[in-house]
Each structure stands twice: as C-alpha cells, then as structure tokens.
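A.B. asks: With the hints in hand, could you dock these two chains into one complex?
Each chain is listed here by its residues.
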Amino acid sequence: MRKILTLRRHPLLVMGVLFFLLIIAFLICLNTGVAKLTVTEAIRTLAGMGSDKDNLILFEFRLPRMVIALLVGAGLAVSGAVLQAITKNEMADPGILGINAGAGLAVILFIFFAHSSLTDIGTLSVYLMPVFALLGAILAATLIYIFAWKRGITPVRLVLVGIGVNAAFNAIIIIFQVKMNPEDFMQATIWLSGSIWGADWRFVLGILPWIILLIPVVLIKYRSLNVMNMGDKIATGLGVKVEKERMILLLLSVALAGACVAVAGNIAFLGLAVPHLARKLVGAEHQVTIPTAALLGALVLLLADMVSKNLMAPSEIPVGLVVSVIAAPYFIYLLMRSN
Amino acid sequence: MAHNTRTQHELTRQQAGPYLGVLTLVLGLVLLVLGFGLSVAVGATDISLKTVWDAVFHYNSALTSHQIIQEVRLPRAIGGALVGAMLAVSGAMMQGMTRNPLADPSIMGVTDGSALALAIAFAFFPGLSYFSQMLLSFVGAGLGVVLVFGVGALAKGNLTPVKLALAGVAIAALLHSLSSGIAIHYEVAQGMSFFYAGGLVGVNWTSIKLLLPIFIIGMILAFILARAMTVLTLGESVAKGLGQRTGLIKGFGMLTILLLTGAAVSVAGTIGFIGLVIPHITRFIVGVDYRWNIPCSAVVGGLLLVFADIGSRLINPPFETPVGAITAFIGVPIFLYLTRRVGRGL
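In the order they appear, the protein sequences are chains A and B.
When the letters of the first sequence are read in order and numbered with the working numbering, they come out as residues 12 to 350.
When the letters of the second sequence are read in order and numbered with the working numbering, they come out as residues 7 to 352.
Isolated chain B, as found in the complex (with noise of 0.2 Å):
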C-alpha cells in the first residue's frame, strides 16, 4: 500500500532523513516544554507562568497554587507527553511491521482487550488499586493482540495485511460487544465512560511512576529495533533475503506494542487516532528509516496530546471535554489530507 510502493521522490526524502530528524526533534522539544508551561498554567484555576516556575523550581508547600501545580497539573502534563509518545511509537511499529497504513493500536483489538479486562475488573472487583488495574489492562491487551495474530495466523494460506486488518476488525467487535455488555449490565457504564473517550483527569504521580519504567523499557526496545523494522518494510521475503530472522524480530515487536499500548490505555483509555496519524506526519517528514522515524513519533506524539489535553480543558470550562475527541478532530483532517496525498497510488 501508500508507504511499500517505493517512490523516487519518498527515497530523495529519506536520504534528507537526519537534517529534517534533527531538526522535528529540537522543534519538538521546545514546543513541548512550551506546552507543559502551557498545560500547567491553563485550568479551572488559571496561574500565570511565572508561579509554575517558581512551583516547580522554589517549591512552597503553602502555596495553594504551587500544591496544585505539584500535585495535580505537572503529573498530568507528564503523563500526557508520556502516553502521547507510547501510543505514537507502538502506532508506527505496528504499521512497519504490518505493513498496513492503517494498522494502528484499536484497530488490533489491543485497546479493546484492556477495556474487556478493566470492564470485567470493574464489574466484578470493584475497588481494585491502581497497581491491579493497570496488571489486568495488560492481559487485556495480550488477551487481544494473541486473538488478532493468532486467527492471522491459523487463516489458511499467508499472512496478509488485508487478512490482519479484517480478523483486527472482527475481533476488535467481539471484545468491544463483550465489554460493553458488561458494563452495560452490571450498570458500570458511566464509571467507564472516560475509559471509552480517554482522558488523563486520573493522572497523578503514582501513575507515572507506573508508567515511566515501562516508557523506558518501551523505547529502547523500540531503538534497539528501528533498523531491523526499516528493513521489515521492504516486505518479509526480502528482510529474510537480507539474512534477518523476521520471527524474532516481530515477536519483539509485538512486546514492545502491548507493553506500550496496554499502559498508555490503562492510564488514559482508548485515546484515538494518535497511533495512526503521528506515524503517517512523521514518515512524511522523515522517511520511512524507523532510526529517525520512532524517535520524531515519539516527540511528536506527546507534543499532540499535551496540546489535545489543554484543548479538552479550554474548549467547555469548567468542564472538560473527552481528549479523545479532541484528538480524532485534530487527527481526522490530517488523516484525511493524507488519504488524498498518497491517493494517487490507491
């Protein structure tokens, strides 16, 4: 599809790779401070920047404004530069490794595994702490990429991406129906609901604690993977062609994608489109070498939902809107500009 077929003009872009990586990257992080300044100030209390500074730097525990900004507002812009960057990285190795464009973490029945757990938990185990949820969103999420691959897999004949895509799809709404009769039943529905629009109202430092060991671990995994997963995208006869062993690779691959998928999705929901969009924007400044690719995603990916996470705050004050709403609005333009971009292969 779009990103297989070779052109001369994506190949001139690739060898432009670290010019343009270098600088996505510098951009990226100055705008992301920029944001977390931004994320930290804007709220039902505003606070000018110059109290963050001071909260962050000359902290003073009897300051309501600093007790807020340590407690509540610097967890959440952390949490969602954090999650923004998991669900961008495991969207484009998903994508490389598929070799489907429109592969992306809820399209593989990895979100809606998590949500069958945490349904099932809430259901049945209420009062589960924190550490227990984010444990069972992992299975969860293992439950549902196993399903996807394994039905791939057990399908007559070879793994092809449109196959991927459709058994992605069924079991996606197999889970998602079991879940939301689940809840629907066991009248858990609305406890639920920021689960289904994503949102990082429950960030707090417990949750990143959680979350950064893993973010860490995801993204070296991530590195230590790029080139192989540049190579993989060339098609799998020719990566084997090349002397890599493709099992072993995509096997780690798919770690990498539940590790960093299952707890972005147990902290924050089923935020969307960010593991489909990002990928596509960066391969569109980058190139497809994933040594460049998966560190842009990942920077840009966190700049989108801290910046999708102050919307969601501004746009209905004092009540917030579903980030993931936000996202889908910020992501669905550039979606569909891409579709007509790369449309003349289609």
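Extracted from the complex, chain A is given alone in its bound form (with noise of 0.2 Å):
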C-alpha cells in the first residue's frame, strides 16, 4: 500500500514509465506476428530503408492496425473514465450503458442496408461508420437522458435505465443478426465482440480526428470531473453548473466510444478496468487520471490485439475476449483487496 501511495505523489514519473512500455511494447508488436522482422529491420523500414517485403508488412499490415489499437484503447479508456466520474459510479463504463450497443446497432443496420455483405466495405463507407456509430451513440445516450431525468439526474438511476437501455439494443441487434446468412452472422458475431477488422489507413484517419480532438477537450475539463466526482451537492456547492456539466461531458465520453465502436467493435470491460487502474496508481485527480488512463487503455489493448493475433496463428480470436481474458481477473483481483 505504502508503494502506491508514494507513486500517487508522482503522477509523473507513473506516466513516463507507461510512456516507456508502450515504446517497448509498440516495438515488440512491429516485430511479431506471422512474418518475423527483426529490431534492427523494424527500425531500418520506419526509418524508409526498407525493402519492398519489410515495407509492405509493416506498412500496409502491421502499422495500421497498431496505430488503430493505441487509438481505439486510449478513447475507450478515457470514455469510460469520464463516464465513472460523472456517474459517480464504479461499475459505469460505455459497454455496460448500452452506448457501445447503439453504436453497433447503427453500425449493424448501416452495413445491412447499405451493403450485402460484411466483408466488402468501400472507401466512403469507412468515413460514414464512425459517423453513424456515434449517431448510435448519440441516440442511447440521448434515450438514457431522457428515461432518467426526473427534476434532474441522479447517478443511480443514470446507470439503472442505461442498464435496461443496453438490453432493449441487444435486444434489437440480435433480432438483426438472426436475419443476416451464415458468413455475415459469423462476421457480426466477430465484431460485435470486439475485433480490430479493418486494419487499413482508412481507418486510422476515420477514428484520429476524433481522438485527437476530443481527449484534449475532456482535459481541459478536468476541474468539472475532480468536482462532479465529489457529489452533486458539493459541486454544486463549488459554483459548478451540474447539469450542464454533465451532459457535455456525457456527450464527449459518448462521442469517444462512438468513434471507437465503429472501428473496433464492442470492446468490453476495457472502459471499466483500466480507469479503476488509473486511480489506483495515481489517484482520482483527472488532470493526471485522464492521460494516465489513456497511456494504459492504449498499452493493454496494442498487447492484447498482439496476443489475439499471435495466440492461435494464424486464426484470429477476437481482441475484445483478449481483453476480458486479460482484464476480469484483474478486476476481480482489485475488488478482492479493496475494503
């Protein structure tokens, strides 16, 4: 206990060695997977002194879908950082609010009606995903807020209807599936948990506008955070305007997920464990759990994606099951030291 305490007076130097490991780790990915490339070879072709193979692999292969994973970990995690704020509730996390499942009911419907299949997506379509999934996104949020307003929000009864929100998007999504022919439902199925599928630079620059624009935004927004995480009363109190708050805060952990969705899936349990992490290691105040959070979300989901790719070569198994694998217990480990 003792350790952790004194790490949390140096938020600092806990981020400089995330930082360090996800360097570490972002090199140990470039040179794994089913063509080998050495250290040396990796860097010699980043650099643009490649040969044709060495670029092709890791530049049109490997890259991608790493860059996309550090992205879609970092959303995720600060998306359900700022859910379990504003909720004050620790089991808050955009898969469990049902966010995650009307980005991929949105999702769902767009490939069902825009294409036949699931396998073949065009250009233009692979811009419109992240916007329709946080149209999605938007649309749970939206009915979230509304089933829970009463004179106000309160956290409880945020996270009960958001609870009851996911089931009716299951609910809806499923009944889709069961329509779809045997490739795609196996296809959807792959997806919907959680799966880096689209590895192509298409995709990096679907989803990095909105990650680039947004982490910085829930940032400067760290006080209403620190505060709204102390109670209602309190912050109002403090001259915060809760409500209003709230909803922008709502909107950007929504518009995160949305994004991320679109990409990756519905990556579970990634939004409800690294924040719970972040805290322990430095501390519930946003300023440093926001990029701590983020360091982390995008170091374990580049690891587990590694490991979905490498663990039963060459099939794949889905990175969101990776996550959980990884993730559940260590979550079960936290709750069982915690008083």
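No wet-lab data here; the hints were simulated from the structure.
The C-beta atom is built at its ideal place from N, Cα and C for all residues, glycine as well.
Everything hinted at is true.
Examples of chain A residues lying across from chain B (beta carbon under 10 Å, computed):
| id | residue |
| --- | --- |
| 1 | LEU171 |
| 2 | ILE185 |
| 3 | ILE328 |
| 4 | GLY331 |
C.D. replies: And the structure:
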C-alpha cells in the first residue's frame, strides 16, 4: 500500500514509465506476427530504408492495426473514466450503459441496408461508419438521459436506465443478426465481440480526428470532473453548473465510445477496468487520471491485439475476448483487495 | 436500495398482500390457460382452438394437426410456462438474498457458466445426449455461482451487495469471453446462437420430463424458504437478531437458484429480463412477503414467457424471432418505469 501511496505523489513518473512501456510494446508488436522482422529490420524500415517486402508488411498490415489499437484503447479508457466520474459509479462503462450497443446497432443497420455483405466495405463507408456509430451512440445516450431525467439526473438512476437501454439495443441487434446469412452472422459475431477488423489507413483516418480532438477537450474539463466526483451537492456548492457540465461530458464520452466502436466493435471491460487501475496508480485527480488512463488503455489494447493475432495464429481470436480474459481477473483481484 | 427502505406505502401494501395475491394467482392462471390454448393454436400451421381441445381430450393419431399439437406445440407451451416460472422465482430469491434489486441470474454468472459448459460440450464432445447436456449445464451454472460468491466472500471486509454485483459482472464477462472464444474458434457459434438468443424451439417431451422434477423440487424448496427470505430482506444482522441461521438459509437458497436456473438455461438458453423484471412487478402488486411473492412470480413469469413465445412466432412468420429479444422488449419499458418510480429513493 505504501508503494502505491508514494506513486500517487509522482504521477509524472507513472506516466513516464507507462510511456516507456508503450514504446517497448510498440517495438515488440512491430516484429511479431506470422512474418518475422528483427528489431533492426523494423527500425530500418520505419526510417524508410527497408526492402519492399518489409515495407509492405510494416506499413500496410502491421502499423495501421497498431495505430488503431492505440487510438481505440486510449479512447475507450478515457470514455470510461469520464462516465465513472460523472455517474459516480464504479460500474459505469460505455458497454454496460448501452452506448456501445447503440453504436453497434447503427453500424449493423448501416451495413445491413447499405451493403449486401459485411466483408466488402467501400472507402466512403469507412469514413461514414464512425459518423453512424456516433449517431447510434448519441441516440442511446439521449434515450438514457430522457428516461433518467426527473427533475434532474441522479447517478444511480442513470446507470439503471443505461442497463435497460443496453438490453433493448442488444435485443434489436440479435433480431437483425439472425436475419443474416451464415457468413455475415459469423462476421457480425466476431465484430460484436470486439475486433480490429478493418486494419488499413482509411480506418486510422476515420477515427484519428475524433480521438485527438476529444481527449484534449476532456482534459480541459478536468476541474468539473474532479468536483463532480465529490457528489452533486458539493459540486453545486462549489459553483459548478452540474447538469450542464454533466451533459457536455456525457456527450464527449459518448462521442469517444462511438468512434471506437465503429472501428473496433464492442470491446467490453476496457472502459471499466482501465480507469480503475489508473485511479489506483495516480489517484482521482482527473488532470492526471485521464492521461494515465489513456496511456494504460492504449498499452492494454496493443498487447491484447498482439495476443489475439498470435495466440492461435493463423486464426484470430477477437481482441475484445482477450481484453476480457486479461482485464476481468485483474478487476476481480482489485475487488478482493479493496475494503 | 429500493425495496430495503420500506416506506409506509409499501407496508400498507404488504397488508393487502393476501387479497391481491389471490387475485393475481387466479387471474394469472386463467390467462395462462388461455395462453396455452393460443400457443398451441398459433404457428406455421394455424390450428383452430376447437382442434386444440380435441387433440388434448380426444387424441386421434391419424390426424396431422393432432400430431403437431401433441408432439411439438404442447411440450413447447408447457416448457415455456415452466422455464418462465423457474427464471422468475430464482430472480426473486436472488434479489432477496443479495438485497440487490438488480440481481438476476444472468448478472450473477449462472447463465454464462452454463454457456461455457455448453460451448465446451459442443466444441469437444459433439453429439452428447440431451441429458448429459443438461447435466453439464448444471455443472457450469454451479461453477459460475461458486466463482461469484467465492470472489465476493474472499474480498476483504463484508460482502456488500455492490461488491457482489461487481464480482458478478466481472466473472460473467470472463466466462462469456471464454465461451465465445471457444465458440468462434471451433466454429460452433451458430449452433450456440440459439443459446445466446434464447428460444423454446428445441423443447420436446424429453426435455419436459427432465425439467418437471427439477421444477417441482425447486418450487417446494422456494416455498419452504419463503418466510425466511422475507426476514432476510430486512438485512442479515436483523435476521440473525431474530434468531435466523442466515448461513443455512443462504446455502439452501443458492442451491434452489442453481437448480432452477441451471435446468431452465439448459432447455431454453439465456432468456434475459424475466428473472430481473418479474420479481419487481410482483413486489409492486403483493409486497415483499415472499410467501406471496414466490408463487405470484412463478405464475407471472410463466405467463410472460408463454406470451413472448407466441409473439416470437407471430412477428416474422415463418421464421422465429429470438424469444429473448421479445422478453427484452416487454421487460425494458417496465424496467424503465420501475427505475423512475422507485427513483425517488435513489
């Protein structure tokens, strides 16, 4: 316990170590896979002096997928951290609240009506998908907000309503899923389990603006997050317009989750477990919690994606399942230790 | 949480329990009989209610419609009623024992445990008999519960409802990801999709024969435990103070839940929301007295599933819509209404 307490006084150190680990993980990921590259080969290729084959493997296959893993990991972790702060609930997570399901439904509907098949996705669709996912996520969030509103929002009611909305969206998804042919059904199952399926640069461009715009905005709002974490009454007493701030922050969190779901499906548990770990490491002051959660989320998803690609190569396991298998036991461990 | 803070309103409601309870039971059973008739009549071939009557009381094996009724429709209707009742009662007991209004077999790792067992069975031992599948489903459900309560109990400090819920969510996620991993890798996902969506398609007389004894044992256990359950909702320390052996009661309660859910899940897959919503509805009608709550939950739960099953055949004929989706559509609005209504205390 004492070790953790001292760490809390040095959040910059924690972030530094995480950043260092992220770089190491990045380098390891660069040269693992079905085709092997040595570290020097990988670095030389990165510097623009590689062979054609190395260039192809690195720039067309591996790098985009890794970048997506980093962005999605950071996005989901920050989204979860914000939700947990504004609902004051440790169980809040875009997955549990139905926001991911809303985004998932929108994407499934888009593909169901705009394409005959899930495996053939055009370039325009790649850019449109995050937008649709976002619309679905906002729809889910709006429904949650409307149903939870009764002379203001209480955090507990928000979570309860979220669980209900999640069940409803999942029911609609199932109905569309059973209408698909067997191949699409399989694809949809894998995607809904969370999988970085479209790993090329178009997808990176599709998600990048969302992540690099929205995370800094969340960071600017750190004061509201800190104060809201103390409870509505204290926050109001300290002069925060609680309802307005909560709505803005909810929207930010929803947008992040939506963009992530569009490219990586419904990755459960990352948004729940990573903010817990981040608070454990650096405390609940969000100017440090948010960046730590972002770094940790990126690290976890990068490693999980590496495992999912290589554990049973050449066949892949959806990365969302790997995340659950890694994060759930850790979460249980945290639960057993906490008083 | 909601039902722990007894308001005056709820106390008076509790006094009214017997009358409303009898009314609910009688009305529920009448509707259930009607539902049976409809359930047998509606489907890919429409059969008139008179033929249904004849098929049951003057069976003639030469008629195709009589055969359909006897071999397909009737077991399905009975299975629906049994499964619905089992899920609702185990939900009611779970909510009482954990004092958590959101407890539900699917949240507590029970259904995901049995899904994992079935995934392993489908992937590695294809062609298992119905009976062995059900047995495995029990083992899996038991594993899920033991894990959830084990984690909850090993945690430092008291086993609070929140801690138990968190443990349930985490264990369920872990088991779920393992089973879908197996299902996807061994390409048995579509074979298992009925399980995740839930459905009564596969119910036949063999499954009823397996289901019925467990239903009877589970219900008897639940009735015996009912009075103790009511005391337990007052809180564990109060129950202890009143001389209750809470450990024993909780142990038997867990056993009952395991029997009921394990059997129901093995026959009909993960049908969500019945175990969560029905106990809230009956608590709204008859109050927290479990001697009334448990029979009413059984009847209303059976009723909901029988009608949801009829719906699943009517929405998109000749295809069947997963019944779990329909119970969700019925359950979600009620659930949202309840969260707003009890919301005052939250």
